[in-house]
Amino acid sequence: MGGNFRKWPMVLFLSVLTAPLILMYIYLFVDTVTNTPPGTMIPNEFTLEHWRFLTEIIPGRPSIWLATWNTFVFASVTTLVVLVVSSAAGYSLSRLQLPARSFFLGGIMVLHAFPTVTLLIAIFLILQMLGLYNTLSVLFW
Amino acid sequence: MGNSRHLGLFLLIPAGIFVFLFFLMPVVLTGIFAFTNMSTATGIKGGAYMITESSMLSMTGEYGEDVLAERLLQKVYTIDEAGLAAALESGGDAAAIKELKTRFLGEVFDNRRDVERAIKALNARPSSTRAIKLISANFERSVVNVRFETEEELLFAISDFGISLTEIQIEAVQKVAYTGWYFTTQNFKTMISLPDTKKTMINTLFYVFTTLILFNVGFALVLSISTHYMGTGTAGFFRSIWLLPRITPPVLYVLMWKWLAWDSGFLAVILEPLGFAPRNWLLDTPANAWTFIILINGIVGASMGMLIFSSAIKAIPDSLFHASEVDGASRMQQIWHIILPQLRWPILFITSYQTLSLLTSFEYILLATNGGPGGATEVWALATYLKALSNYGGALQYGYGAALSLVLVVIGITLSLIYLKVFNFANMTSKPKIE
Amino acid sequence: MRILLEKFTKKFGNLTVIDEMDLEVRDGEMLALLGGSGCGKSTTLFAICGIHKVNSGRIMFGDRDVTNITSQERNVGVVFQSFALYPHMTVEDNIGFPLKIRKESKAEIRRKVDEIAEMMHIEPFLKRRPGELSGGQQQRVALARALIRRPDVLLLDEPLANLDATLRLEMRSEIRRIQQETGITAILVTHDQVEAMSMCDRIAIMDAGKIVQICPPREMYTNPVSDYVAGFLGSPPIAFLSGQIQDGNFVEPSTGTKMPVTAAIATSHAGREVRVGIRPEYFQPDGATKIKGVVSFIEAQGRETLYDVTLPDGNILRSIQGAHSPVNIGDEVEWGVNTEHMLVFDQDGRRI
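Residue numbers (the numbering used here), protein chains in the order written: chain A, 1 to 141; chain B, 1001 to 1435; chain C, 2001 to 2352.
Chain A with its partners taken away, still in its complex shape (with noise of 0.2 Å):
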């Protein structure tokens, strides 16, 4: 920008709105290593006893480890499938002259502006029915 408008009070005015969000996420983190008692703000000692899941398994609960290869298979799973689906899909489409191509592409649109969420029923229960409630197989789905 060139120096007709003064960047300061644009500054001033969203440091102010701001403010109370960095603050939230600040006491998130200071959560994690204090052990302030409810009804005050002032953080009191410092302790990684909230974070001590990292280095050892706590009784009843399963390890973070385990947490993180399962998060790591799911998600590297879910890529590789939707990249080679979806490139195939994106390639014949954009590059290849198919019969019905709108609609194709114009049922992309409609599914990208479709909140799946309302479908959430409808994909429980029949989940249900195949009896993969509940399994592990069902995320890659």
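Since the hints were derived computationally from the structure, they do not count as laboratory data.
Every clue listed holds true.
Where chain A lies over chain B, by a calculated footprint (3+ residues, C-beta under 8 Å):
hint : segment
1    : 1018 to 1024
2    : 1027 to 1039
3    : 1225 to 1238
4    : 1249 to 1263
5    : 1376 to 1390
6    : 1398 to 1412
In this text, all values refer to a predicted model and were calculated from it rather than measured experimentally.
Ideal Cβ placement from N, Cα and C applies to all residues, glycine included.
Given chain A, put chains B and C in place with the hints provided.
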């Protein structure tokens, strides 16, 4: 040419399967489920046939067959081979059982006392009451609470039980004894008749439009315009901060707000010296609950508008800003006469796109207030979720939930199609460049 | 209004684009800032209209020091290279925008817009949007918008660069006509020496953030202060030869041709290496000092023909001739240089 066509269709198949599995099938099934009475009680696979207290209540209520209902609920005691064998198995007195067989085989008693009286009258009478009860228990016969896989089995059992049914009665028994789901339009009738529906609808409209106007469009404009007037570094900093809520896991993000609002939280601590008693600001009144719901969703929603508007502002040629400044425009005049008119399409786009996502979003409300206090913040999508997938009593009404969600599905598809029309779909689908 | 830049310095980060520049634009004058890309001419213009802040120095409009005031308060009219018309407004609203911003009455705005539209010959287009106009019409609208509130200065940033050749010719005289009719002080930024020479009262030629020479176009053409200025002005461009001054002559090394120089140069630069510049119109078949070479290129320009003559060492002399000479590429010719008009430069490029 023909070859590339086949190749193209072939490459589309995997995507087609996914679309079918995750879109077409769920849409169709939502439509189907909406017209059923599926629930935890009926199960989601086919049902069985059972005479129960409650099914006999509807027998009386709907068909007026109170005599039949009473009879079906009755227990009788039949001395038969199976009962005798079971009695022997359970350790009953062998001599008594043998005598019982010779004297009473085939006899039917109306109640247990009569059976026991008969046992007491035996020559080989067991010594204790306990021993008598041990034997008598094995002759209890009833069609109540027995699961029959087919209606033939049920009818056979009933006739075996000694009750003969008329044609009309058979039909009635079939209807009321069926435990599985069946097709009905009852869901929609219920939906229309319940006052909750109207309230949820009003809540939804209020939530969607207030959040949309104040935050998803309004605050997004404030963010993108104010960062436009900063240096690149500062602007980037503020944009990243306001993008955080979108990438923070919802549970953590809502926890942060709860920390702010609960009765020993930040607000309570700050406001106490000012004379406000500590309270859970998130849930104490509907007005406060709404304020937080709109803030929580709005701040997440504003980031998308912020990104779209910021890049749209960046796309305005510098020379237009320079020209308007030279022409004498103040900052407000520049925003009003230059920036906002250029943002017309992005604003329309965000408005329509976010209407849909707000309409169907419920996860933040679920986590923050769960519709409370007293259903004050229950929106349509949340109601759908609660009815179908998370009811306190454990009785999940899949069918009713599907009916509620069908309303959203229809709205969703309709709006998507309208948007495509408005945003001139033909422009987006120009012919491919190479064969 | 007179415009004065005193020790004007502009830096972008650590890079000094303009260093202590002094410039005076006289009242009612049209001045060209001429130079190649990156020479700082647009930066100067943007500083004058206030879009760029000045790092040091002063800018005066008449007696008013405008160094630290914003564009909004400077009362300048600017025509941008891209015209910068507001695409969502009609032509009428575009032109009236500066007045609307100052909250003038609707009737007043209308009257002034009609008046200036008549002067610019754009009355039929007032209801259209910029996207529906041709380049020349957009140019006129941009000019009308710049002039409507009677600015103290009119600044034109490469105003003709986005137009095609015929329109450029038309708008050249059109802008000059309007500038003279309104008597406004104007600064034209351009990289095109023809535009600068044909439109302006004076030219300030810039190189690497400095003004090399400032004077009327004719004088700059005939009397450049450096080889840079000489090379920038003139189409087809001037040709340079290197050689030594010996016994009152410039000696062309490859042919040994002797070209007489003035007595002053002959004494001051005797035995030293120099460069001479010979414009195409002073290298003709009937010129006095003959030099031999091979015709390597012929370009018919209609009324005139341009010839490149390559000397044995590969240097090229250009000749532009009204009458078509009967020569072909590859022919050896012996044409003459009119040494009176020969420009002599020292090794640093300064004119001597």
